[in-house]
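A.B. asks: Here the protein sequences line up with chains V and S, keeping their order. The C-terminal residue of the first sequence carries number 146 in my numbering, and the numbering is unbroken. The C-terminal residue of the second sequence carries number 322 in my numbering, and the numbering is unbroken.
Hint data in this document are derived by calculation from the structure and do not stem from the laboratory. One thing to keep in mind: the hints can contain errors.
What the hints assert, rightly or not - Partial list, derived from the structure: chain S residues whose beta carbon lies under 7 Å from chain V:
hint, residue
1, E169
2, L172
3, E181
4, F201
5, K203
6, C221
7, C223
8, D242
9, M248
10, K283
11, F310
What the hints assert, rightly or not - No more than 30 Å apart at the CA atoms, straight line, and that leaves these computed lysine-lysine pairs for DSBU-like:
hint, chain 1, residue 1, chain 2, residue 2
12, V, K61, S, K114
13, S, K232, V, K11
14, S, K286, V, K103
15, V, K129, V, K40
16, S, K207, S, K114
17, V, K103, S, K207
18, V, K103, S, K113
19, V, K103, V, K40
20, S, K66, S, K114
21, S, K191, V, K61
22, V, K131, S, K203
23, S, K225, V, K43
24, S, K113, S, K87
25, S, K207, S, K188
26, S, K197, V, K61
27, V, K103, S, K197
28, S, K113, S, K162
29, S, K203, V, K11
30, S, K69, S, K197
31, V, K129, S, K203
32, S, K66, V, K61
33, S, K87, V, K61
34, S, K87, S, K114
What the hints assert, rightly or not - Away from chain V, derived, C-beta distances all over 12 Å, residues of chain S:
hint, residue
35, K66
36, I189
37, Q199
Using N, Cα and C, we set each Cβ at its ideal position, and we do this for glycine too.
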Amino acid sequence: MPLTENEFRPKIVAFCCNWCSYAGADLAGSSRLSYPADVKIIKVPCSCRVNPMFILRAFEKGADGVILCGCHPGDCHYSTGNYYARRRMTLLFSMLDYLGIEKGRTRVEWVSAAEGVKFSQTMNEFVEKIKSLGENVRLGDLRCKN
Amino acid sequence: MQELVNRAKELLANGTVQRVLGWKAGDMAYNPEPSYFESEADLSEFVYDAFCGANLSKYMIEASKKEGKTLVFLKPCDSYSFNQLLKEHRVDRDKAYIIGVGCKGKLDIEKIKKEGIKGIESISGIGMEDACDTLKIGTLYGDKECSYQDVMLERCHVCKGKDHVVFDETLLESRDTVDSERFHEVEKIEKMSPEEKFQFFQKELSKCIRCNACRNVCPACSCRKCVFDSTKFDSAQKANVDPFQEKMFHIIRAFHVAGRCTDCGECSRVCPQGIRLHLFNRKFIKDINEFYGDYTAGEDINQEAPLTHFEFSDREPNEERG
Numbered sequence: 001m002p003l004t005e006n007e008f009r010p011k012i013v014a015f016c017c018n019w020c021s022y023a024g025a026d027l028a029g030s031s032r033l034s035y036p037a038d039v040k041i042i043k044v045p046c047s048c049r050v051n052p053m054f055i056l057r058a059f060e061k062g063a064d065g066v067i068l069c070g071c072h073p074g075d076c077h078y079s080t081g082n083y084y085a086r087r088r089m090t091l092l093f094s095m096l097d098y099l100g101i102e103k104g105r106t107r108v109e110w111v112s113a114a115e116g117v118k119f120s121q122t123m124n125e126f127v128e129k130i131k132s133l134g135e136n137v138r139l140g141d142l143r144c145k146n
Numbered sequence: 001m002q003e004l005v006n007r008a009k010e011l012l013a014n015g016t017v018q019r020v021l022g023w024k025a026g027d028m029a030y031n032p033e034p035s036y037f038e039s040e041a042d043l044s045e046f047v048y049d050a051f052c053g054a055n056l057s058k059y060m061i062e063a064s065k066k067e068g069k070t071l072v073f074l075k076p077c078d079s080y081s082f083n084q085l086l087k088e089h090r091v092d093r094d095k096a097y098i099i100g101v102g103c104k105g106k107l108d109i110e111k112i113k114k115e116g117i118k119g120i121e122s123i124s125g126i127g128m129e130d131a132c133d134t135l136k137i138g139t140l141y142g143d144k145e146c147s148y149q150d151v152m153l154e155r156c157h158v159c160k161g162k163d164h165v166v167f168d169e170t171l172l173e174s175r176d177t178v179d180s181e182r183f184h185e186v187e188k189i190e191k192m193s194p195e196e197k198f199q200f201f202q203k204e205l206s207k208c209i210r211c212n213a214c215r216n217v218c219p220a221c222s223c224r225k226c227v228f229d230s231t232k233f234d235s236a237q238k239a240n241v242d243p244f245q246e247k248m249f250h251i252i253r254a255f256h257v258a259g260r261c262t263d264c265g266e267c268s269r270v271c272p273q274g275i276r277l278h279l280f281n282r283k284f285i286k287d288i289n290e291f292y293g294d295y296t297a298g299e300d301i302n303q304e305a306p307l308t309h310f311e312f313s314d315r316e317p318n319e320e321r322g
């Protein structure tokens, strides 16, 4: 599909855990499954490594949506990391929603190393969702917008 | 009030405690400040009245490092903060002699000023022995009156209760002051549209001058090194340069005390700009109660804190509320 000049291309940051989701993304790549190039992956040792500040910083630097991917509950490489991440992100996302950052702009998804298909599907869906929400005009540093 | 002074003198004299932590009369009738009293003579300046809103539990971190015991006066809500600090091993129970003092609701001087009462010289009706229903205020422009209930601190309208959760003895009577719903304001904001929410907080937070008073006074903010003091951090102590930084500071501040905040309301009380900071903390408290079961920080030291604990059946972050 040719890219028209005015089409909105969202900036999306995906935090992927080293053990499951990053490998899942890798599998999606080696299986030739496509997902939008708007998604920028940042590898983290565990979903639990994601400090609320990371999410805020991503929004500050101009992200339109942030997604966190980790191992399925019960499969964490460090046994319990994703359980803590789950509680933290639940509270953080609820707080962002309270501040007027639409709930759709934040998401947590559990993707295992064998789920290349799920990874590509999730990213496609998420990008569509963000496209429908449009540019994130709130919670962004104006200096970072071009 | 004399009861408290007498008891403090007794405990100082018999050597049970080395010092007393209480409130000292300020320049005005409405600004007593936290202070240590080392001797009987010092205690002549001791006050305890309706303006003693300051929570003394955070000072006990410092006092726990001093020689000997410290006598500390804690209001019912302050005792939750103390208990929370105890749970986090920040204070030493053996170094504290706690007298739980009664509370009839504390007053907010800003609200009195908003009633149009300026040039205040004296205020009566604020003592613990008074009925506490009307304030008689002597001002430069004549005598004024106002209702006690109307000028109470926001936190007293939604008081957690008048029972101390930790104490060695209790003195003075309390009075129930609850007359509104604790989460009412939070619910009102939750019902707004994203744009309205954003505008509401933009308006509220753009007042922030980053004086860090809310952090410094907070009994839950007791880290030795604070993220906000780091020079590598965008939001190091300085005026906010853009709307993002205004929000980031407040989100991070509230998140750092999530699950540990006892809703003592000190942040809102000390804010020189009158930002209703409790709206953030209370949102986290409401969510924690809703998602992970009712939890009151500081109530029980043996209870698992919500963010250092999990259940296999916890809700998913993407799930819609309800």
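A.B. asks: Taking the hints in turn, state whether each one holds.
C.D. replies: A quick look at each hint next to the structure:
no.	hint	verdict
1	E169	violated (38 Å)
2	L172	violated (38 Å)
3	E181	violated (17 Å)
4	F201	holds (5 Å)
5	K203	violated (12 Å)
6	C221	violated (16 Å)
7	C223	violated (15 Å)
8	D242	holds (5 Å)
9	M248	holds (5 Å)
10	K283	holds (5 Å)
11	F310	holds (4 Å)
12	K61/V x K114/S	violated (40 Å)
13	K232/S x K11/V	holds (25 Å)
14	K286/S x K103/V	holds (18 Å)
15	K129/V x K40/V	holds (16 Å)
16	K207/S x K114/S	holds (18 Å)
17	K103/V x K207/S	holds (26 Å)
18	K103/V x K113/S	violated (40 Å)
19	K103/V x K40/V	holds (20 Å)
20	K66/S x K114/S	violated (41 Å)
21	K191/S x K61/V	holds (28 Å)
22	K131/V x K203/S	holds (28 Å)
23	K225/S x K43/V	holds (28 Å)
24	K113/S x K87/S	violated (39 Å)
25	K207/S x K188/S	holds (21 Å)
26	K197/S x K61/V	holds (21 Å)
27	K103/V x K197/S	holds (13 Å)
28	K113/S x K162/S	holds (27 Å)
29	K203/S x K11/V	holds (27 Å)
30	K69/S x K197/S	violated (48 Å)
31	K129/V x K203/S	holds (29 Å)
32	K66/S x K61/V	violated (46 Å)
33	K87/S x K61/V	violated (38 Å)
34	K87/S x K114/S	violated (39 Å)
35	K66	holds (35 Å)
36	I189	violated (7 Å)
37	Q199	violated (8 Å)
Checked against the numbered hints above, the structure breaks hints 1, 2, 3, 5, 6, 7, 12, 18, 20, 24, 30, 32, 33, 34, 36, 37 and satisfies the rest.
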